[in-house]
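Read off the chains here:
Number of protein chains: 2
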Amino acid sequence: MSDSDRTDQRGAPPPGAATRSGEPGPGDRGPEVQDELERLRASIDNIDAAVVYMLAERFKCTQRVGRLKAEHQLPPADPARESRQIARLRELATEARLDPAFAEKLLNFVIAEVIRHHETIARES
Amino acid sequence: MSDSDRTDQRGAPPPGAATRSGEPGPGDRGPEVQDELERLRASIDNIDAAVVYMLAERFKCTQRVGRLKAEHQLPPADPARESRQIARLRELATEARLDPAFAEKLLNFVIAEVIRHHETIARES
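If you read the protein sequences in the order shown, they are chains A and B.
Take the first sequence: its position 6, counted from the start at 1, is 6 in full-length UniProt numbering, and no numbers get skipped.
Take the second sequence: its position 83, counted from the start at 1, is 83 in full-length UniProt numbering, and no numbers get skipped.
The set of hints was computed from the structure by calculation and includes no laboratory data.
There may be inaccurate statements among the hints.
Cβ-to-Cβ under 10 Å is the rule here; a few derived chain A residues that face chain B [claimed, not checked]:
id : residue
1  : F59
2  : H72
3  : R84
Okay, derived cross-link-like pairs now, SDA-like style, lysine to any residue, Cα gap no bigger than 25 Å in a straight line [what the hints assert, rightly or not]:
id : chain 1 : residue 1 : chain 2 : residue 2
4  : B       : K105      : B       : E119
5  : B       : K60       : A       : K60
6  : B       : K105      : A       : P31
7  : B       : K60       : B       : E113
8  : A       : K105      : B       : L92
9  : A       : K105      : B       : D35
10 : B       : K105      : A       : R116
11 : B       : K60       : A       : R88
12 : B       : K60       : B       : Q73
13 : A       : K105      : B       : Q73
14 : A       : K60       : B       : R81
15 : B       : K60       : B       : N108
16 : A       : K105      : A       : E95
17 : A       : K60       : B       : A50
18 : A       : K60       : B       : R116
19 : A       : K105      : B       : D45
20 : B       : K60       : A       : A50
21 : B       : K60       : B       : A50
22 : B       : K105      : A       : E104
23 : B       : K105      : B       : E124
24 : A       : K60       : A       : E119
25 : A       : K105      : B       : R116
26 : A       : K60       : B       : H117
27 : B       : K60       : A       : E36
28 : A       : K105      : B       : R41
29 : B       : K105      : B       : T94
30 : B       : K60       : A       : P100
31 : A       : K105      : A       : D78
32 : B       : K60       : A       : P79
33 : B       : K60       : B       : L40
34 : A       : K105      : B       : E113
35 : B       : K105      : A       : E113
36 : B       : K105      : A       : A50
37 : B       : K105      : B       : R81
38 : A       : K105      : B       : N46
39 : B       : K105      : A       : A70
40 : A       : K105      : B       : E104
Glycine residues also receive a C-beta, built at the ideal position from the N, C-alpha and C atoms.
Here chain A stands alone, though its shape is the one from the complex:
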């Protein structure tokens, strides 16, 4: 998915359509516009790579936690830790001008994968 593309589909005039207000028509991208688009996309790609590697590291940590708990039969749920994680992440998101609800959804999304990993560990042990 090219991130920015999806929504522009909505409400954008079909190629060749007349524009409301004498603005440049569809597909009219000067070289500097194209350059900025490429620059932004390169940053998006860099960030995506960083996030992928960050999450790989995070899964290494959570898998180790899973093994530790399995080995020592530690109590599974830790509601205090859980609420601290959510509250902290929502706070960080606000500082970063990110929607706190999005940050919480993201945490849940990642945790769903962690659970999948832990189930594999459980099956293998």
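With chain A's structure known, arrange chain B on it following the hints.
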């Protein structure tokens, strides 16, 4: 959600239950186990903070792309860019020993938020 906790719930004996093989019983966490758990959780928290700030930066880029395209009425869809992004991310995930399918799901998850942002831009412009 405390990442590691969810799955340990599954199949873990109830507190106080006898263990199969003379292993330490439930809740038996030596100080060094507790220390390692804390260390791992601190790393998880650091990584989560990094990811939140990375994504905040990413959204800055995609919002700029959205505005650029709106201003210049650039063609919305870019299937070539899209397939490059997916292929690249899956490759990066494999290098990072992350499930490529997870990386692709994550991209879709983030893009859903990008779309939400772009819809806001579209409403405001």
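Hint check:
1. F59: Given a least distance of 7 Å, the restraint on A:F59 holds.
2. H72: holds (5 Å)
3. R84: holds (8 Å)
4. B:K105 to B:E119: holds (21 Å)
5. B:K60 to A:K60: violated (29 Å)
6. B:K105 to A:P31: violated (33 Å)
7. B:K60 to B:E113: holds (12 Å)
8. A:K105 to B:L92: With Cα atoms ~23 Å apart, A:K105 and B:L92 stay inside 25 Å; holds.
9. A:K105 to B:D35: Judged against 25 Å, a Cα distance of about 29 Å means the pair is violated.
10. B:K105 to A:R116: holds (14 Å)
11. B:K60 to A:R88: holds (22 Å)
12. B:K60 to B:Q73: holds (20 Å)
13. A:K105 to B:Q73: Roughly 32 Å between the alpha carbons, so the hint for A:K105 and B:Q73 is violated.
14. A:K60 to B:R81: Violated, because 31 Å separates the two Cα atoms, which is more than 25 Å.
15. B:K60 to B:N108: Cα-Cα ~17 Å, so holds.
16. A:K105 to A:E95: holds (17 Å)
17. A:K60 to B:A50: OK: A:K60 and B:A50 at ~16 Å, within 25 Å.
18. A:K60 to B:R116: Since the Cα atoms of A:K60 and B:R116 sit roughly 31 Å apart, the hinted pair is violated (cutoff 25 Å).
19. A:K105 to B:D45: holds (16 Å)
20. B:K60 to A:A50: Status holds; Cα separation ~16 Å.
21. B:K60 to B:A50: With a Cα-Cα distance of about 16 Å, the restraint between B:K60 and B:A50 holds, given a limit of 25 Å.
22. B:K105 to A:E104: Holds: B:K105 and A:E104 sit about 17 Å apart, inside 25 Å.
23. B:K105 to B:E124: Between B:K105 and B:E124 the Cα gap is close to 29 Å, so the pair fails against 25 Å, i.e. violated.
24. A:K60 to A:E119: holds (15 Å)
25. A:K105 to B:R116: holds (14 Å)
26. A:K60 to B:H117: violated (32 Å)
27. B:K60 to A:E36: holds (14 Å)
28. A:K105 to B:R41: holds (19 Å)
29. B:K105 to B:T94: holds (14 Å)
30. B:K60 to A:P100: OK: B:K60 and A:P100 at ~16 Å, within 25 Å.
31. A:K105 to A:D78: holds (19 Å)
32. B:K60 to A:P79: violated (34 Å)
33. B:K60 to B:L40: Since the Cα atoms of B:K60 and B:L40 sit roughly 31 Å apart, the hinted pair is violated (cutoff 25 Å).
34. A:K105 to B:E113: Judged against 25 Å, a Cα distance of about 10 Å means the pair holds.
35. B:K105 to A:E113: Given that 25 Å is the threshold and the Cα spacing comes to 10 Å, the pair holds.
36. B:K105 to A:A50: holds (16 Å)
37. B:K105 to B:R81: Distance ~17 Å between B:K105 and B:R81 Cα, so the pair holds.
38. A:K105 to B:N46: holds (18 Å)
39. B:K105 to A:A70: At roughly 28 Å apart (the allowed maximum being 25 Å), A:A70 and B:K105 break the hint.
40. A:K105 to B:E104: Roughly 17 Å between the alpha carbons, so the hint for A:K105 and B:E104 holds.
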